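Peer 1: Sequence:
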Amino acid sequence: GYPESLTDPSYHAQLLVLTYPLIGNYGVPDEQERDEHGIPKWFESERIWAAGLIVGEVSTRACHWRAKRSLGSWLAAHGIPGVCDIDTRALTYRLREGVTLGRIVQGVPPLAPLPPLADPNTRNLVAEVSIKESKTFNPNGDVTILAVDCGLKYNQIRCLIKRNAKVVLVPWDHKLDPSQYDGLFISNGPGDPEICKTVVDNLRTVVNNKSNIKPIFGICLGHQLLSTAAGCNTYKTAYGNRGHNLPCTHSVTGRCFMTSQNHGFAVDANSLPEDWKILFTNENDKTNEGIIHKSSPFFSVQFHPEHTAGPTDLECLFDIFIDAVKSFKNKEHCVIDNMITEKLEFVSTIQERPKKVLILGSGGLSIGQAGEFDYSGSQGVKAMQEEKIQTVLINPNIATVQTSKGLADKVYFLPITPEYVEQVIKAERPTGVLLTFGGQTALNCGVELQKSKIFDKYNVNVLGTPIQSIVDTEDRKIFAEKISAIGEKVAPSAAVTSVDEALAAAVQIGYPVMARSAFSLGGLGSG
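Each step along the sequence shown adds one to the number in full-length UniProt numbering, with nothing skipped, and position 402 is 402.
The hints are simulated quantities; they were obtained by calculation from the structure and are not laboratory data. Watch out, some of these pointers could steer you wrong.
Claimed, not checked - Calculated cross-link-like contacts (lysine-lysine; reagent style BS3-like; alpha-carbon spacing at most 30 Å):
#1 K294 / K355
#2 K457 / K382
#3 K388 / K41
#4 K166 / K405
#5 K197 / K210
#6 K356 / K426
#7 K343 / K294
#8 K356 / K451
#9 K41 / K236
#10 K41 / K331
#11 K355 / K482
#12 K236 / K175
#13 K277 / K294
#14 K277 / K343
#15 K166 / K294
#16 K329 / K355
#17 K457 / K489
#18 K410 / K356
#19 K382 / K453
#20 K355 / K426
#21 K277 / K236
#22 K410 / K166
#23 K489 / K453
#24 K343 / K382
#25 K405 / K489
#26 K286 / K343
#27 K135 / K197
#28 K236 / K197
#29 K410 / K343
#30 K175 / K162
#31 K343 / K175
#32 K277 / K132
#33 K68 / K41
#34 K405 / K388
#35 K277 / K356
#36 K210 / K277
#37 K135 / K68
#38 K326 / K135
#39 K355 / K210
#40 K162 / K453
As the structure is a prediction and not an experimental result, all values here were calculated from the model.
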């Protein structure tokens, strides 16, 4: 989202164009709110780094429980110009020739010619965004990670701290001494990697130091700097890759992952030295997205595995990095390439295909009911037929589509109760049962059959949603507890079994209240 993008140091000295239509609708969170490590909770740095914001349509009214101010007032407070009502599609079309130098001019264009545009890439933007003095986070962590701040996003620190690492954040030109850390992390940042010669020289010294090898992990600009230190060339891309959901393929497993990216420079994969190899490749333009050393624990990626808002397909690279750091600290040998392959490998579990499936149907319908479970049940039967799986349907209602001739292989016009269903299971001996196509009646019946161990007795597998998930979501008390367990907010509630209990609970919670009956998909029970 825009709070992350605008505070990302990689956008320093850039005019940021957002083509998404809804900008500003959820406002801007509280800048003063910090986590237990003193890091701003909702932002990627301490300030806005973009030079200006250009959007098609801006929402002046912020509607979000976290919003403290509007996007416009936040930009104004930081002295950053914002321009709206721009046809961003037409602008994108003009920018198709690559990143263009530009400026925002207020009012009418001046009669005198404007001074020529200065290219920010000729400046050392990394030195401008990097911290000036070292800073330590999570001082009691298991391993010490030295993070070189080339324009680091705070979520990279969050990802390292989450894995209980002590993070020592140092300026971009900090002299690297392997005896001072267990692992080295090189952050993202703005500008041309060729300008950061100091970082490259420091990295080259560490990479070539065979006596004290420590794991190294680089992201975005960090990837380009490590690649340059290894002996690769970098080049400016015509368009760059910016945005969500950019596909990258892992070279060993061939699996494709969704990534977030923001880079205008890339590594020339053809210039890779002998002892390095390609780790990831961009499926859109085939640019390099990662390299790894064949024997030493050095690797880097061009995309952002830590990106706030996601996709988080490859956040596991942080797990692999920390695991490798711990192994090297304990003098245990490990090969990061194998660790990544093991983690990303897809192991398909081929389950035995059911030959005959029992479907619990929609049951009796009253006038005025929608009959949606008649529809879903008939679709379930059709799906099984396509897979050449024999279907047995139980439904007491002859006036339904799913009981029509030619749909299910066998139909039992019986009530959907545990007793009758057991008789059908005993007679038909299905290998699987589908409970989720028959609405509440079928779900409740399935829960009862599971409790009485009928499915185990006849060796019937529950296909689709597991019984425990049905219980967890249908029982409102358990559901509220499950939601609280993952740290999500849930409305205060109480489970009651009588009107008197409900009145007492309502006083405790505070009016107005909403009554919902458990194990009821329709509104009848609540009424």
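Peer 1: If a hint holds in the structure, say so; if it doesn't, say that too.
Peer 2: A quick look at each hint next to the structure:
1. K294 / K355: Violated, because 48 Å separates the two Cα atoms, which is more than 30 Å.
2. K457 / K382: Roughly 28 Å between the alpha carbons, so the hint for K457 and K382 holds.
3. K388 / K41: violated (53 Å)
4. K166 / K405: violated (68 Å)
5. K197 / K210: The given pair, whose Cα atoms are some 22 Å apart, holds under the 30 Å limit.
6. K356 / K426: OK: K356 and K426 at ~13 Å, within 30 Å.
7. K343 / K294: Judged against 30 Å, a Cα distance of about 17 Å means the pair holds.
8. K356 / K451: holds (23 Å)
9. K41 / K236: Not satisfied, since the Cα-Cα distance of roughly 34 Å exceeds 30 Å.
10. K41 / K331: It is violated: about 36 Å lies between the C-alpha atoms, which goes past 30 Å.
11. K355 / K482: violated (35 Å)
12. K236 / K175: holds (28 Å)
13. K277 / K294: It holds: about 7 Å lies between the C-alpha atoms, which stays within 30 Å.
14. K277 / K343: Between K277 and K343 the Cα gap is close to 18 Å, so the pair holds against 30 Å.
15. K166 / K294: Holds, at roughly 27 Å.
16. K329 / K355: violated (53 Å)
17. K457 / K489: violated (40 Å)
18. K410 / K356: holds (11 Å)
19. K382 / K453: holds (29 Å)
20. K355 / K426: holds (16 Å)
21. K277 / K236: Holds - the C-alpha atoms of K236 and K277 are around 21 Å apart, at most 30 Å.
22. K410 / K166: Given pair K410, K166 is violated - Cα atoms ~64 Å apart, limit 30 Å.
23. K489 / K453: Distance ~35 Å between K489 and K453 Cα, so the pair is violated.
24. K343 / K382: violated (37 Å)
25. K405 / K489: Cα-Cα ~48 Å, so violated.
26. K286 / K343: holds (23 Å)
27. K135 / K197: Holds, because 23 Å separates the two Cα atoms, which is no more than 30 Å.
28. K236 / K197: holds (17 Å)
29. K410 / K343: At roughly 45 Å apart (the allowed maximum being 30 Å), K343 and K410 break the hint.
30. K175 / K162: holds (27 Å)
31. K343 / K175: The given pair, whose Cα atoms are some 33 Å apart, is violated under the 30 Å limit.
32. K277 / K132: violated (34 Å)
33. K68 / K41: Given pair K68, K41 holds - Cα atoms ~13 Å apart, limit 30 Å.
34. K405 / K388: holds (17 Å)
35. K277 / K356: Status violated; Cα separation ~50 Å.
36. K210 / K277: holds (19 Å)
37. K135 / K68: Given pair K135, K68 holds - Cα atoms ~29 Å apart, limit 30 Å.
38. K326 / K135: holds (22 Å)
39. K355 / K210: violated (60 Å)
40. K162 / K453: Not OK: K162 and K453 at ~42 Å, beyond 30 Å, violated.
Of the numbered hints stated above, those contradicted by the structure are hints 1, 3, 4, 9, 10, 11, 16, 17, 22, 23, 24, 25, 29, 31, 32, 35, 39, 40, listed in ascending order.
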